[in-house]
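Visitor: Line by line, the protein sequences are chains A and B.
Note that the first sequence covers residues 1 to 488 in the working numbering.
Note that the second sequence covers residues 1 to 149 in the working numbering.
Treat the hints loosely; a few may be bogus.
Calculated cross-link-like contacts (lysine to aspartate or glutamate; reagent style DMTMM-like; alpha-carbon spacing at most 20 Å) [what the hints assert, rightly or not]:
| hint | chain 1 | residue 1 | chain 2 | residue 2 |
| --- | --- | --- | --- | --- |
| 1 | A | 175 | B | 52 |
| 2 | A | 175 | B | 38 |
| 3 | A | 175 | B | 30 |
| 4 | A | 150 | A | 138 |
| 5 | A | 175 | B | 27 |
| 6 | A | 150 | B | 105 |
Hints in this document: simulated from the structure, not taken from any laboratory.
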Amino acid sequence: MSFELETAAVAGENLRRVAIDPVSRVEGHGKVTILLDEHNKVHQVRLHIVEFRGFERFIQGRPYWEVPVMVQRLCGICPVSHHLAASKALDVIVGADRLTPTAEKMRRLMHYGQILQSHALHFFHLSSPDLLFGFDSEVSRRNIVGVAEKYPDIARRGILLRKYGQEVIRHTAGKRVHGTGSVPGGVNKSLTAAERAELLKDVYQMIAWSRDAVKIIKELHEQNPALYDRFGTFPSNFMGMVAPDGSLDLYHGVLRAKDAAGNILFDHVDYQTYDTLITEEVKPWSYMKFPYFTSMGPEQGWYRVGPLARVQNCDSIPTPFAEHERREFVAYAGGKPMHATLGYHWARMIEMLFAAETIKELLHDDALAGSDLVVAGERRHEGVGVIEAPRGTLFHHYQVGDDDLVTMANLIVSTTNNNQAMNSAVREVAKQYLDGKEITEGLLNHIEVAIRAYDPCLSCATHALGKMPLEVTLLDAGGRMLDRKYKS
Amino acid sequence: MSRAPILVFGWGNPARGDDALGPLFVDAVEAMGLPGVECLTDFQLQVEHALDLEGRSRVLFVDASFGAPEPFGVAPLRARRDDSITTHAMTPQAVLQVYRDLQGEPPPAWLLGMRGERWALGDPLSASARRHLDAALHWARDWLTRPPA
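Chain A with its partners taken away, still in its complex shape (with noise of 0.2 Å):
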């Protein structure tokens, strides 16, 4: 099936293409098209995924416990989510059904220190430039090292942010990248006394941070409410895991998911069944699938997830200044849902202030020096994890033979999660901005901006010296090219 704007009702060859090809700042290599007749009318605007991953397949005949390390590779932004994800599922492989209090606290140090520098750097280095310059400034100045420049000390407080979540990281995986904590039914290692006073001494100023980085977002949507709150805004369903009781949780709990209206759609899921709940589409013209709630079909059932979906989806937030910033934003919202792109900077704002605050309560546990690691149980043959990694809701779904070498390996990232939303926001953002207007570098930023605010992670980390060009192609209404334009 076709979404608006997806596929131009008219001839092709009366339109001329637009291509934002990479789309910049965000990880790895996608491109935006447009298709614009002779009054820039916006007659097809798609977000396609351009590079093949093929990580299913690298990983089948590997030796299960080989997996946790091995998915670190698929990206170089949020290694320990695929790390956990995958220990995850492997647990249920293992037959560890119950880890450790000291297993599932480090692995929870872990993700949350993830959760903290994977926000940060997005908020920072990515999103910052075009928030504090605006949209259509200056293109030299829009990015991280523009920031350092004109707004130093927020720069820094953000690079020391996601300095302290990859030291988290660092004492609770063994290592910043590669790490190998977490093990199939447990970890490997627990947390030393000097560990825990080193991250313990700048907890509190990492906490301090969040909630200013909170307030910043929240001034910006204060100072300019049309902007902010109706850039790129369509409705859609939301869906996230949460704890048992409802509140927030990052590290592990049950599938929820609400409708455009904030009605529950679906609750206390085992997500060991969520091959029964969604259904992975495929489009011709993107690498990346399009899910959606199968019991709604594609036009209806297609959802988001992320940092958005999950503040509105849970009932609270465990940690205390949290759970005041999340009323907040359920107040500013008017207590109805929030389907504001640009409400997603917010949301991961209060969520990396969560990481923070959960990131404090942990080191103040002893179960995280404690020397039990490890537990196993009946082996099973297939199993799925699932966590909300920084981006959204990741599952990785294994089967395992009786020689232990993984026979089939699915994974839906959270980008892939968000496909249809991307899509649908860049159409609005097409639509609102670009429609009839002559088509300028500003303008085509407003939509990258769209795509930013979902934090996609697009491929993974190659990116050897000369092998990532920037191209952009420009084509008159016949299809002539009047401008290419390459940077690598």
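Fit chain B to the supplied structure of chain A, relying on the hints for placement.
Guide: Leaving out everything else, chain B in the frame of chain A:
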């Protein structure tokens, strides 16, 4: 906190063929056990790596390169604002610029780019990349033990 005067920072994804050159180089340098040399790796260069430059007398950035001369090339780096940031990853020049904006003048730095040719997921290191790595390591042992100019 005292820091080793020389930092060797390599980056790349070890699961993507010749993209592994940076981390492999750093692993090999670490195994040399050279005094005064600290080794770090990551998937990509990020803005917080500017903090890793603090207190160094010189820095060697190391990456696989599609366009480097064979077997490798070395060039001094200058801090430069980079408006071609296309992903979360940054250029070493931009990392130096962030250091300059936040901390002052960065330490002298060089980029070592080793020529690679295969980048697909699951690819092993190519035979030519292995030769380039060996040649770069031969050069590096001398450079890393040479007294500062």
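Visitor: Now tell me if each hint is right for this structure.
Guide: Hints and how they fare:
Only pairs whose Cα atoms come within 20 Å are accepted, and residue 175 of chain A paired with residue 52 of chain B is accepted, the gap being roughly 15 Å. Under the criterion of a C-alpha separation no larger than 20 Å, the hint pairing residue 175 of chain A with residue 38 of chain B is consistent with the structure, at around 15 Å. With a C-alpha separation of about 15 Å, the suggested pair residue 175 of chain A and residue 30 of chain B falls inside the 20 Å cut-off, and the hint holds. Annotation: proposed proximity of residue 150 of chain A to residue 138 of chain A holds, straight-line Cα distance about 13 Å (limit 20 Å).
With a C-alpha separation of about 14 Å, the suggested pair residue 175 of chain A and residue 27 of chain B falls inside the 20 Å cut-off, and the hint holds. With a CA separation close to 17 Å, the supplied pair residue 150 of chain A and residue 105 of chain B stays within the 20 Å bound.
Consistency with the previously given hints is maintained throughout, with no hint failing.
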